[in-house]
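**Q** Sequence:
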Amino acid sequence: MQKIVIAVLLATLAFAGAAATQSLPVSAASAVRVTDDRAGSNPVVIELFTSQGCSSCPPADLLARRLAKDGSLLVITRPVTYWDRLGWKDTLAREDNTRLQRAYASKGKEGSGVYTPQMIVNGGGGAIGSRENDIRSLVRRADRSGPRISAATDSEGRMTVTISGKSAYMAGVSLIALSSSETVRIGNGENGGRTMHYVNVVKAERKLGSWRGKPARFALTPADLAVNGADKYAIVVQRPGAGPIVAAKLLDI
Numbered sequence: 004m005q006k007i008v009i010a011v012l013l014a015t016l017a018f019a020g021a022a023a024t025q026s027l028p029v030s031a032a033s034a035v036r037v038t039d040d041r042a043g044s045n046p047v048v049i050e051l052f053t054s055q056g057c058s059s060c061p062p063a064d065l066l067a068r069r070l071a072k073d074g075s076l077l078v079i080t081r082p083v084t085y086w087d088r089l090g091w092k093d094t095l096a097r098e099d100n101t102r103l104q105r106a107y108a109s110k111g112k113e114g115s116g117v118y119t120p121q122m123i124v125n126g127g128g129g130a131i132g133s134r135e136n137d138i139r140s141l142v143r144r145a146d147r148s149g150p151r152i153s154a155a156t157d158s159e160g161r162m163t164v165t166i167s168g169k170s171a172y173m174a175g176v177s178l179i180a181l182s183s184s185e186t187v188r189i190g191n192g193e194n195g196g197r198t199m200h201y202v203n204v205v206k207a208e209r210k211l212g213s214w215r216g217k218p219a220r221f222a223l224t225p226a227d228l229a230v231n232g233a234d235k236y237a238i239v240v241q242r243p244g245a246g247p248i249v250a251a252k253l254l255d256i
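Sequential numbering of the sequence shown, starting at 4, is according to the working numbering.
If you're looking for bench data, these hints aren't it; they were derived computationally from the structure.
Fair warning: there could be bad hints in the mix.
Only pairs whose alpha carbons sit at most 20 Å apart, straight line, appear in this in silico EDC-like list of lysine to aspartate or glutamate [stated by the list, open to error]: (1) K92 - E185; (2) K235 - D157; (3) K206 - E185; (4) K169 - E185.
Ranges of calculated distance between the beta carbons of each label pair, as one might list FRET restraints [what the hints assert, rightly or not]: (5) S184 - A226: 21 to 29 Å; (6) G196 - G244: 15 to 23 Å; (7) R69 - R151: 22 to 30 Å; (8) G244 - L65: 15 to 23 Å; (9) G90 - D255: 37 to 45 Å; (10) G111 - D157: 25 to 33 Å; (11) S148 - T186: 48 to 56 Å; (12) A171 - K92: 42 to 50 Å; (13) M173 - G196: 31 to 39 Å; (14) D73 - G244: 25 to 33 Å; (15) S148 - D255: 37 to 45 Å; (16) A171 - G195: 45 to 53 Å.
These numbers were taken from a predicted model, which means no experiment stands behind them.
No residue lacks a Cβ here, since even glycine has one placed at the ideal position from N, Cα and C.
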């Protein structure tokens, strides 16, 4: 049964974690290893809002795993909390994911609403998360012309992320820690007895600072890239208030 919550709630996007890291001057830091995958620059970001307590979600979870194999896409799975009342508490859900989905819903864009499964493409339009044709249509229309992101690591393991390009708008820069694969045996609820598989599940995220439409650098320490349960990290540049995602990069660590 497709679960749709009709009420659209106004919410402010909250970032988890520590305080923002100060951006560095563009001239800062020498590095021994640089990654700037221009062919894969600015992948289209697909955020899947899903729940272990939703019987309609497994096909979308499967689609997310398939889409994640495409290097031109960055799939991020965001389990939500509002179906925990149905008899099974989602072991991967985060309140920040629920708040973000509600913030997207408040924009009233294509496919908006608070329901599962839902995929949001580049912080803009969305669709039922199991409808591959609708998702691919949104991907084809996505804007990939935003700033470029590169990363360099020095001999002590410190990483510097550089965002280049010029723009009249400002955007927040976030570091998202991901688990590339999660397997969960569901003990109760609509999916009770099933074993579920997830890709690129959010473990933590924090705001690094703001990109103000001109080249900027942000420093990451080894501790920033050692989040418990995470084995992948992504940089996402997004306009304020759950606005459009203008750039993203999966870091090479």
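**Q** Please go over all the hints and tell whether each is borne out by the structure.
**A** Now the hints, each set against the structure:
no.: 1; hint: K92 - E185; result: holds (16 Å)
no.: 2; hint: K235 - D157; result: holds (19 Å)
no.: 3; hint: K206 - E185; result: holds (11 Å)
no.: 4; hint: K169 - E185; result: violated (38 Å)
no.: 5; hint: S184 - A226: 21 to 29 Å; result: holds (23 Å)
no.: 6; hint: G196 - G244: 15 to 23 Å; result: violated (41 Å)
no.: 7; hint: R69 - R151: 22 to 30 Å; result: holds (27 Å)
no.: 8; hint: G244 - L65: 15 to 23 Å; result: violated (32 Å)
no.: 9; hint: G90 - D255: 37 to 45 Å; result: holds (41 Å)
no.: 10; hint: G111 - D157: 25 to 33 Å; result: violated (45 Å)
no.: 11; hint: S148 - T186: 48 to 56 Å; result: violated (37 Å)
no.: 12; hint: A171 - K92: 42 to 50 Å; result: holds (44 Å)
no.: 13; hint: M173 - G196: 31 to 39 Å; result: violated (48 Å)
no.: 14; hint: D73 - G244: 25 to 33 Å; result: holds (29 Å)
no.: 15; hint: S148 - D255: 37 to 45 Å; result: violated (23 Å)
no.: 16; hint: A171 - G195: 45 to 53 Å; result: holds (52 Å)
The structure fails to meet hints 4, 6, 8, 10, 11, 13, 15 from the earlier list, while all remaining hints are met.
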